[in-house]
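Starting from the known structure of chain A, fit chain B onto it as the hints suggest.
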Amino acid sequence: MNENRRGSVRCDQSRLAQAGTMAAVVETFGLTKVYTLDFLDVEHGRLKLRLSRSRRQRVALKDLNLTVEEGEIFGLLGPNGAGKTTTLKILMGIIFPTRGSARILGRPLGDKWAKARLGFLPENPYFYDYLTGREFLKYYGQLYGVPRREREQRANVLLARVGLRDAANLPLKGYSKGMLQRIGLAQALLNDPQIIFLDEPQSGLDPLGRKEIRDIILQLREEGKTVFFSSHILSDAELVCDRVGILYSGELKDIGKLRDLLSTRIKNYEIVARGVPEAALQQWRARVDRLLVQKNEAMVIVREESEARAILASLGGLGATLVSFNPRRETLEEYFIAQVRGRSDG
Amino acid sequence: MGKIWAIAFNTFKEAVRNRILYILLIFAVVLLLFSGAVRELTISAQEKVIRSLGLGCINIFGLLIAVFVGIGLVYNELDKKTIYTIISKPIDRWQFILGKYFGLLLTIYVNILIMTVFFYFSLYYQSFTSEEALEKLYASLGPGESVGTPRHLAYLAWSGLRSILNALKTLCFFPDEVTANLQAVILMTCLELAIITAFAILYSSFSTPTLSAILTVFTFVIGRSNEDIIRYSWFLERKGLTSAAAVMKYRIAQFIAHITPNLKIYYSDTSYRALSDPPVVVDTYAILYGVAYSALILSLAVLVFRRRNFK
Numbered sequence: 003m004n005e006n007r008r009g010s011v012r013c014d015q016s017r018l019a020q021a022g023t024m025a026a027v028v029e030t031f032g033l034t035k036v037y038t039l040d041f042l043d044v045e046h047g048r049l050k051l052r053l054s055r056s057r058r059q060r061v062a063l064k065d066l067n068l069t070v071e072e073g074e075i076f077g078l079l080g081p082n083g084a085g086k087t088t089t090l091k092i093l094m095g096i097i098f099p100t101r102g103s104a105r106i107l108g109r110p111l112g113d114k115w116a117k118a119r120l121g122f123l124p125e126n127p128y129f130y131d132y133l134t135g136r137e138f139l140k141y142y143g144q145l146y147g148v149p150r151r152e153r154e155q156r157a158n159v160l161l162a163r164v165g166l167r168d169a170a171n172l173p174l175k176g177y178s179k180g181m182l183q184r185i186g187l188a189q190a191l192l193n194d195p196q197i198i199f200l201d202e203p204q205s206g207l208d209p210l211g212r213k214e215i216r217d218i219i220l221q222l223r224e225e226g227k228t229v230f231f232s233s234h235i236l237s238d239a240e241l242v243c244d245r246v247g248i249l250y251s252g253e254l255k256d257i258g259k260l261r262d263l264l265s266t267r268i269k270n271y272e273i274v275a276r277g278v279p280e281a282a283l284q285q286w287r288a289r290v291d292r293l294l295v296q297k298n299e300a301m302v303i304v305r306e307e308s309e310a311r312a313i314l315a316s317l318g319g320l321g322a323t324l325v326s327f328n329p330r331r332e333t334l335e336e337y338f339i340a341q342v343r344g345r346s347d348g
Numbered sequence: 002m003g004k005i006w007a008i009a010f011n012t013f014k015e016a017v018r019n020r021i022l023y024i025l026l027i028f029a030v031v032l033l034l035f036s037g038a039v040r041e042l043t044i045s046a047q048e049k050v051i052r053s054l055g056l057g058c059i060n061i062f063g064l065l066i067a068v069f070v071g072i073g074l075v076y077n078e079l080d081k082k083t084i085y086t087i088i089s090k091p092i093d094r095w096q097f098i099l100g101k102y103f104g105l106l107l108t109i110y111v112n113i114l115i116m117t118v119f120f121y122f123s124l125y126y127q128s129f130t131s132e133e134a135l136e137k138l139y140a141s142l143g144p145g146e147s148v149g150t151p152r153h154l155a156y157l158a159w160s161g162l163r164s165i166l167n168a169l170k171t172l173c174f175f176p177d178e179v180t181a182n183l184q185a186v187i188l189m190t191c192l193e194l195a196i197i198t199a200f201a202i203l204y205s206s207f208s209t210p211t212l213s214a215i216l217t218v219f220t221f222v223i224g225r226s227n228e229d230i231i232r233y234s235w236f237l238e239r240k241g242l243t244s245a246a247a248v249m250k251y252r253i254a255q256f257i258a259h260i261t262p263n264l265k266i267y268y269s270d271t272s273y274r275a276l277s278d279p280p281v282v283v284d285t286y287a288i289l290y291g292v293a294y295s296a297l298i299l300s301l302a303v304l305v306f307r308r309r310n311f312k
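Protein chains in written order, with this note's numbering: chain A, 3 to 348; chain B, 2 to 312.
Looking at chain A on its own, in the form it has when it is part of the complex:
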């Protein structure tokens, strides 16, 4: 009890320190992880047991500094092997950083007070296949220290929330991949966490499954929770993230609000019009980037805003009808590829 009270005071202090801005729930300071392929990968402070003949090392994460604020959905994006899972594993206390430190809810890594307030879904989760869905949630509820009566109730609520009420009494070995992902999400929400860490929550799921996970993530934000997730499926990330960090080869390439990262990069303008006379089309062909004519409709793509305005203005005089006008922003995928290519070229 005392520990909890002390914890909340300290947490409030850290929030006060950042008055004016939103409270940072995750902060990392120069987080670095070097994997050494040892017989025993055990770190005791500076002493490392090295029993292998050669010291083969791989840098998985290089000097990561990032902050995630309260109530936002933060996406850590990057290709396979970029260091996303390593970051999450360090934050969860599964592995230890080689250098650097991090704070979750204002507390150092591994702090039990903070752990009681977070939820975690690992990538491709696998759980005890001899337990039924309900037994599994009740077991994890015990690990969170949820009182017995409440455990049963929470398990039922969460099973309904992730759509597994009918499968609650089936052993997990009979669960499909999507069902495992959902029961995994349920266990991450058992303690009604303030912050939820999800590692590739949508990988391997069908479109419907992905949408369901997406909806739950958005719902969590509405409840005021912070969601930190990693993904390499950019289109899914684009739909839910408030802010993203782009990780490549263990380095953070860019971080910011999705709006800010992409808004300045309107790629082109797409205009679709009906009934444009042939003469006008001929004229446009020389001026625009692309022109497609199908039946009675013409689709024009131009890069400059002024050009787009000119075309739009001329439509009335030509007796044509505007069907659609669409300023096309760079997608996250295009931005991501540009980032990754740009740096690796440089």
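Take the hints with a grain of salt, since some may be wrong.
If the Cβ cut is set under 7 angstroms, some of the chain B residues that face chain A in the computed set are [stated by the list, open to error]: (1) Lys4; (2) Ala7; (3) Asn11; (4) Glu15; (5) Arg18; (6) Lys81; (7) Tyr85; (8) Ile88; (9) Ser89; (10) Pro91; (11) Asn310; (12) Phe311.
By construction, these hints were calculated from the structure, which means they are not laboratory data.
Because the structure is a prediction, the values reported are computed rather than measured.
Ideal placement from N, C-alpha and C gives every residue a C-beta, glycine not left out.
Here is chain B on its own, set in the frame of chain A:
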């Protein structure tokens, strides 16, 4: 404590739903029941043969459960990455190790209890179907009745039922002269297995199941011969440590004897002796040694586990 218990109980559940456990248990039960047949093949000292077979069976199968069921329990958590979600919960790593240890110990003890019931059953059944008892039955047979008749079979079935009841009664409430001694031997086995289980947990906290299994069995064998190794070093000393080779041998023997547990103290050859011999007692030294040694080995396991990176 609640969290350790939660992990222990889940470990027990996992073991109970494991097929290997049932195969081992069925083998043990068959062997215990089969001791009746061994009795038929023995010329003398039949009781002793049955007792040593039963006790040996409980000891060996206890060890096999610790090795084959126990070692997979920690490794599976790492291999299947269920440890990820456990570590991210508000529990300490030492709580996880202790939970696994107590869960495994609970599994072994429950199995020892089941084997003991069957062991007692076979002991009692034998006393009810002994030659003396059968002679009484034959004497009571009416004219024209012979062995194998419904009455005879009914007698055997009744003996079986009485044996089960007697076995349970003795086990739970009234140990007699014979069973008090047997119970002491079985309790010693439980203490020995507490140490071996701690080693199984230690080995599986850093190596693969196969290696852990081999190391655990080695520890058991060396532990049982610990006193012999010490005696060997004394023998070398008496002979005189004149050559460098003798000194080396002496040092190695001393080293092995000191770093391995002395499991000989839990081994009693009561089953081979006459019942009139002084009874086996579970002494305070054996209990303290078992608890202290297990605690030491578990602390080592916690030390390895505490800063381990899980991949």
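Comparing the hints with the structure gives:
1. Lys4: 6 angstroms, holds
2. Ala7: Hint on Ala7 of chain B: holds, closest Cβ of chain A at ~4 angstroms, below 7 angstroms.
3. Asn11: 5 angstroms, holds
4. Glu15: 6 angstroms, holds
5. Arg18: Holds: closest Cβ of chain A sits about 4 angstroms from Arg18 of chain B, inside 7 angstroms.
6. Lys81: Since the shortest Cβ distance to chain A is 5 angstroms, the answer is holds.
7. Tyr85: Result: holds, 4 angstroms to nearest chain A Cβ.
8. Ile88: 5 angstroms, holds
9. Ser89: Holds, because the Cβ-Cβ distance from Ser89 of chain B to chain A comes to roughly 4 angstroms (cut-off 7 angstroms).
10. Pro91: Nearest chain A Cβ about 4 angstroms off; hint holds.
11. Asn310: 4 angstroms, holds
12. Phe311: Hint holds; Phe311 of chain B Cβ to chain A Cβ min 5 angstroms, cut 7 angstroms.
Consistency note: the structure conflicts with none of the earlier hints.
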